[in-house]
Every structure is written in C-alpha cells, then in structure tokens.
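Peer 1: All chains should be modelled from the sequences, with the hints used to inform the complete structure.
Single-letter residue listing:
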Amino acid sequence: MLGLLVRRLAFTIPMLVVVSFCVFSLIVLVPGDPAVSLAGENPDPEQIAAVRERLGLNDPFLLQFWHWFTGVLRGDLGQSLFSSQSVAGAVFARLPATLSLALLSLTVALVLGVAVGVLAAMRPGTWVDRVATFAASLGVAVPYFWVGMILVLLFAINLTIFPAVGYTPLHENPLQWFLHLFLPATALGLAPAAVIARQTRAGMTGVLREDYVRTATAKGLPPARVVGKHALKNAAIPVVTAFGLEASRLIGGTVVIEQLFALPGLGSLAYTSVFARDFPMVQGVLLVVAALVLLINLLVDLSYGYFNPRIRQS
Amino acid sequence: MTTTADTTAALARTAPVAPTRPGFWRRFRDNRPAFVALVVLALLVAASLAAPLIAPYSPEAIDVPRRLSLSTPDHWLGTDSLGRDTLSRLLYAGRVSLLAAATAVAIATVIGVPLGLLAGYVGGKPDWVLGRIGDVLMTFPAIILAIAIIAAMGPGLQTAMIALGIVYAPRLFRVARAATLQVRAETYVEASISIGTPAWKIIPRRVLPNVASPVLVQVSVMLAAALLAEAALSLLGLGVIPPTASWGVMLGSGFKEIRSTPLLVFWPGVAIALATLAFNLIGDGLRDALGRRTRKADS
Amino acid sequence: MSAPTATTTLLAVDDLRVEFATDHGWSTVVAGTSFSVGEREIVGLVGESGSGKTVTGLSVLGLLPRGVGRVASGSVTLGDRDLLGLSERELRSVRGNEVAMVFQEPMTSLNPAFRVGDQIAEAVRLHRGVSRRAARDRAVEVLDLVGIPHARRRADEYPHEFSGGMRQRAMIAMAVSCEPRLLIADEPTTALDVTIQAQVLELLAGMQQELGMSVLLVTHDLGVVAEVCERVVVMYAGQVVEQTDAVELFDHPRHPYTEGLLAAMPQLGSRGQRLSSIPGRTPEPWGMPQGCRFAPRCGYAVDACGEPPPLVTARSGHLSRCHRHDELTLRGAR
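Protein sequences appear in the order of chains L, B and F. Take 2 as the starting number for the first sequence in our numbering and just add one per residue. Take 6 as the starting number for the second sequence in our numbering and just add one per residue. Take 56 as the starting number for the third sequence in our numbering and just add one per residue.
Don't read these hints as lab results, they were simulated from the structure. Computed from a predicted structure; not experimentally measured. Yeah, the Cβ is synthetic: ideal placement off N, Cα and C, and Gly gets one too. Hints are supplied without guarantee of correctness; some may be wrong.
Covered by chain B, according to a simulated footprint, are these stretches of chain L (three or more residues, beta-carbon under 8 Å) [as the list claims (entries may be wrong)]:
id: 1; stretch: 152 to 160
id: 2; stretch: 227 to 233
id: 3; stretch: 256 to 266
Taking CB as the label site, the calculated pair distances span [claimed, not checked]:
id: 4; chain 1: L; residue 1: Gly-207; chain 2: F; residue 2: Gly-278; range: 45 to 51 Å
id: 5; chain 1: L; residue 1: Gly-207; chain 2: F; residue 2: Glu-257; range: 34 to 40 Å
id: 6; chain 1: L; residue 1: Pro-125; chain 2: F; residue 2: Arg-187; range: 33 to 39 Å
id: 7; chain 1: B; residue 1: Pro-248; chain 2: L; residue 2: His-172; range: 44 to 50 Å
id: 8; chain 1: B; residue 1: Trp-133; chain 2: L; residue 2: Asn-159; range: 54 to 60 Å
id: 9; chain 1: F; residue 1: Pro-167; chain 2: L; residue 2: Arg-75; range: 45 to 51 Å
id: 10; chain 1: B; residue 1: Glu-195; chain 2: L; residue 2: Arg-75; range: 51 to 57 Å
id: 11; chain 1: F; residue 1: Ser-148; chain 2: L; residue 2: His-172; range: 45 to 51 Å
id: 12; chain 1: F; residue 1: Gly-387; chain 2: B; residue 2: Glu-195; range: 58 to 64 Å
id: 13; chain 1: B; residue 1: Asp-35; chain 2: L; residue 2: Arg-131; range: 17 to 23 Å
id: 14; chain 1: F; residue 1: Pro-167; chain 2: L; residue 2: Pro-15; range: 31 to 37 Å
id: 15; chain 1: B; residue 1: Asp-35; chain 2: L; residue 2: Pro-125; range: 17 to 23 Å
id: 16; chain 1: B; residue 1: Asp-140; chain 2: F; residue 2: Gly-278; range: 55 to 61 Å
id: 17; chain 1: L; residue 1: Arg-131; chain 2: B; residue 2: Pro-248; range: 41 to 47 Å
Peer 2: Below you can see the structure in the form of structure tokens.
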C-alpha cells in the first residue's frame, strides 16, 4: 500500500506544481495590460504604476511566478486587490462551508447511488430495476440548480421544513448546520447519485453471477453480507472511478448552488472575485479547488489498491 | 520480399474503408428511448428555429400591467416580472441556449479531435505533452475553469462558449486519441504504414472513419453537459447577458420571483431537462448502435 | 426406494423434481430423483453435462439461482430434518456448517478481493461464534490440514497468489473448517491438471477419513469415482438410471448408459486402444423422449423402450432403469 501511495504521490506532486503554474498564468490571458484593467475606472499613470509595483508586474514572468509559488509553499497566497484581507485568510474562512456542502452531497450521492444500483442489480428486469433505471436517466439530465430551486419551492417556501438560505457552522449548531445544508446537498447530490447508480447496477449485475458469490452463499452468509461485502467490493472500482469524476463536477456545481442558497463558501468567493476582477483571490480559489480535486483523485487511486489487491502489489 | 509487400498491399486494399455497417439507422431506430429522444430534440430545435414565426409576442415586449400573470388565454405560460410572455421568451431562449451549446462543443471538437488524432498517430513526445496538458486542464472542474477564463476575458455569451470549448477539448482529445491508438494497431493500418502510405492519406481514409463513432457519442453527451453549463453560467450572470433570453437567464430571473410566481422557474427548467435528457439518450442510442463493430481486417 | 446401505442414512433425496426457466417455459431438469448418502460414506453422483447432477447438488442447499431454478416437489432430508422445508434463516445455519460445498472452478470460486484466511475464518466465525482470533487460528489449522505449506503466512495471501491446485485445497479447507457432516463436491478436480487431480482426490478421501464426514462427489468422470467412491448413482437426462456400489457397477453394469460411460473411460495401460464415446447427445429438457430417455442413443433399444421404464431392483442393492436389465449382458470396466 505504501508503494502505491509513493507512486501516486510521484504523480500528484508534479501535477500540483504544473497546476499552480497554470493558475498563475491566468493573468496572461487578460487582454491588454492587466494593471490598466485592474487599477479601476479611469486610472491615472500613477495608480497604474502602483498596481504594477504591487503585483510585481515589472519582474520577468517566471520570476513573478517564483515569488508567488514560494509564497504558496509558505501558505501565503497573496493579498486581495480590493480589501485588506489576505487571500489565504479569505479562502480558509470560506472553506468549511464548501467542504461541508461537498461532503454532504457526496454522501447523498454515494449512499443513494449505491443503494439504488444494488437494489436494481439484485432484481434485474423487475419493476424495481425499471423504476431505478428510469430515475437514473432522469437524474442525470435534470439540472441540479433547477432541482435546488424546486426543492426550495417545495420544502422551504410551501412546507417551511428547511431554511431556504444561509449557513450555520457545524461547531456552532450541528442541527442547524444540517438543516441549512440539506436542500443544497440534495440538489447537488442527485445527479452524481444517478451516475453512481448506473455504474453500480452495471458492475453488480456482472459480479452477482460470479462463482465466489455463490461460494459466499454456500458458506451460510446472509444475503446482506453476500451482496454488501463479497459482491460490492468487487464491483467497487468502476463505482469509485465514477465517484471521483462526479466529485470534481460536484465541486464545480458548488459555485452555482452556494449562490442560490446564499452559502458563504469558496464558490461564492470565486463569484464575487470574478466580478470584482480580484485576480489574486481568483487564483487562490482556483488553486485550492484544483488541490481538492487532485486530493480526491489521489484517494480514489489509493482506494483501487484497497478494492483490488493485485493493484496494491504490482 | 515482394510477396510480403504484395500481401500487405492486398490486405490494405480489402480493408474496410468506412465503418458504417448496413443497418446502423435501423438499430438506432429500434432503440425506442433514443428514437423518441431524437424526435423530441428535433421538435425543440424546430420550435426554436421557427420562434419568429410561431411566437405569439416579441420576447422583449414589456407589458407591466400584466406582469407575473399565471397561465391565461393571452399568455399560455404566463408572464415574467416585466410582463414579457414566457412562451415567446422560451422559444427565443431555446435558439440562444441550443446554439451556445452547439458552438461550445464545435470549438471543443475543432481543438480536441485533430490533436487527439495527432497524439494517437504520432505518439512519442507530442503525445506525452498534449496528454499532460489535458490532465492539467481536467484537474479543474469544468465550470470553475470556465469561470476563471471568463474572469480574465470578461463575461458574455461568446466568452462563455469559447471558455466551455477549451474546457471540453481535453475530453474529446482523449476519446479521439484512444480510438486512434486502437485503429493504428489494426493489421490493415500497420500494413498501410509499412508499405509507405503517407499519414495524410491514412488518417482521413482509415483512421478518421473509425474515430468518428466514439467522437459522435461523446459529442452527443457533451452537448448535454454544455447546455447545463451554459445555463449555470447564464444563471450566474456570466454567460448570456439580459435582456437577451437564454434558458439559464430565464431561470436566474425567475428565481427572484419564486415566492410569488414559481411557474417562472418551472418552464425553463423543463426545457433544459428535456433537451439534456434527449442528448443523453441519443448518446446512449448511438453508443449501442455503433458499438462493438466486428473488425475483420484479416479475413 | 433408496438402496439399502450398511450404515445409517445421513442425506436422503426423495423424488426430487427441479424446474428451470427456459425459453420454453418452466422445464423439468431433474425428474423424480431419489438416492441417499450414508454416514461416513462417499457416494458418486455421475452423469454427462446436462444430466441434472449439479442441479441436484445445488438443490440440497437451496442454492439454485433465484428466479431461474426452483424445486417443484420432493424432499431432501438431512438426518431427521427436511431441508426443503427450512426457512431461509434455518437453511443458512446448515450451509457451510452441517453441509459444505466445493465447486468446480477453483480459479473463480474464491473471492479475489479478500485474503484466503479471512474467507475461511468468516465461515468459522459465522457458525461457531468464536473470536476473530480463534477463527483465524482455525483457518490456519485447516489450511495446514489440507496440505498448504507455511499455512500461517499463506493465510494472509490473496487468491491470485495461489495456484489452481492450491486454491482448490483452500476451497476444501473452507468447506471442512466447520467440520460438516456432509461435503458436496461438484466436479472438484475437473478444472485441474491431471497430476493435481489425483492429489486433490486423495485429499478429499483423507479428509473424509479424518473428519468422519460423508461426501457426495458430483462428477462426469467414472475414473474419479473408481478412485474414491463406495457407491455410485448414475444420472441421465434428469433421472437416476442406475445405482449400486462401486465394485458392482464397474464389474456388472445394468444399464446401457453406464456401459457407454465405462467404455468412454480412459484406462492406464491400455494405450493405443480407441476410446469409444456414446453417439448423440443428452436431450434438452423441453424435448425429452416419451419412453426411455436413453433409447434414442441406445444400441440395445427395442420397441418396449417406447414406454418409460421404472427404476427397479435388478439385484440386491442394485437399481436399474432399463426394460432389458435382465436380458442384457453388459460389459464392465476393461
């Protein structure tokens, strides 16, 4: 397992460096002189010069990157252009809401998706299977932000069970935390749940016909153990692969969902920063999001080793 | 030696030129969900194209006294906060949304497929470099990367489409590259290469037809994703900018009135879901109809 | 109905009828099969593929694939309990505990995702309710018992690190881990190399001696039967066609099908002789002949064979389902 970890890290760490470089290079995409567009309405030359100095734009590009990157390694992501906040401070203040939302929706996706997929696979061709397959097709297609709106309409406006907007940190009030996140997490989790359900059904249908599943039954194990332990572990690899891809997409979706539900997360920080053209902030958010995705991919890769012992040893 | 060359040449001549088996259309038509999806999509496209002819009102005709009305004989699907007719806006918005999705995917195809062919065919360093660039781009969630590009270039429909095109290009690159690698390993292609047929002849005649089907499947599925992404960006105000209507714009402005007039978010959502479902089902149908081609290059 | 045995009966299968879902509706694949296995006895259940022998074995433990196969009638008695009448929960306490199974494919019968030792320990913990540690010790013990060297270390390995023969040993270890009263071995040697086959058979026989269990050995190979079985039940097209003790069967078969099987058996020291095979093939469940099911392939068939023959006692302890069992003098093993 250690070997696998080292091998995957040997891939992930260079990736992080390259990704950092790309994130930093974004500023090159800005048409014209970035300092001019950053200095605000009708800037005078002094303001522009000040911006240039502040951003270190007078240095050669690679040197600029080096300054920024070494800062990143020290945990310094730079300063916001428009407020006195440090980027790192702003990002870490917003991280808990986004992580809470992402983890909760991924839980919804995994639990719901695997459960529906397993049920469908255990009764192929029956009405259970057909309903599940239909629901999965629908779940993949229906826009998550629309689902969010409909959920707000049903459960926050008509039924007032859940709050429509806002956020309470976990450590302040776990119940309120959960209530505030329930609707957004469900909205965000349904589409990945549908993808995972499809993948689980496909994998389990094959695995349930395997000889070792019959062996497990012949040992006297109850069906829940046969299916949930012996079959599921063998069907897991395509499922976690789908989970990894969906997790990346889901993190993207937090931008929209945080906006709809007024959650103070990274997504809404990115949103406001983009409109304000606060580049250091945008770069900081991008970097953290990319690191998050790389971390998820790393965990998914490591999980292959858990699910398939051959991968661990090769 | 001449005999070997002759056989390989003969092999190359008898190789299948186009991958389309007879009966592709029949197999697709027999897949009922895919066929229904195609009909639904055709209707959506037709309705959007015919919007100027069939829409009862101009999409921008403001009628404040009748704002936020529910379904009435005059306004079948009601009106929005400025009294604009929802049905008319929905039809015109369809043009914008569908065209935006198509443009984004077209950009992705133009970038991704040729590079995929190149990487798969040439291999070596170009393949490695392109592959790593793809890896890096794929590290960012699509919508976040699109937002970052929009952050640099400024909001607007065109920027949004270019951004989405760039974001989706690596996906098509991977599909095209994988298919190319597979075709390149086929006996009849290796034979062609070994007798010195230049790449500019082999790629369009032998490789492209085989790469086309996986790319087509991916394009169909990607259209669904692009439609969703366009809607999300427009909803956030980063894509289509009002007063132009797209389904995403309608959702965004409708959400502000959700407490009084929930119907306003209902219809554009249904339109997006319908189109997305159609693209996905068509993709599934294409995959089933095109998949598992028997390659009998040797016989 | 069942043949008299020297010992007390452990397993009694009586008039078992099994149906499978086919394109032609529910088809009978096992039609009124009866036989028994005595305490500490090794019984061979022999037939070609499609004879219903494997299905019979699976029926004993209720392992027919759900929605595909079902027991239509009959009874399966273990000791004094009717297994077919048990609830799912009661049946689970029998599986792997009182009755264990070894399957044909050692390469695919072990779960590739779990350690071999853990897979054995799982059964022990389930049925014995012992601690994790004790179950593990037991797993190592049985792995050692079936002749796996360095059992403690190999218990921590995964199935892909085991060879085919080793895997079948591990399967046997799993089967005997809870000291079952009956072991059903379904073609346990078919997928193995010839040299390994003999070792595994020897192991099965050894285990039977050591643990005092009964064995129902399901096989198509009369050579395997000759090696270890005391009594033989021959099945053809879902029916028992002959049943007697092994020596008698090899010397004086009383059914033309058995004669055919014996003639098809390769023999050591008879190199160069042509092996005969029975012409034709087993009928499909939905196309069974009206009379004797073997008649279309039988060289001795007469008009009377158009009527279904009953299973009758040909000699003391020797049952045959042939109209002509008295008239024919069939060739035994050469």
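Peer 1: Which hints from the list above does the structure break, by number from lowest to highest?
Peer 2: 2, 4
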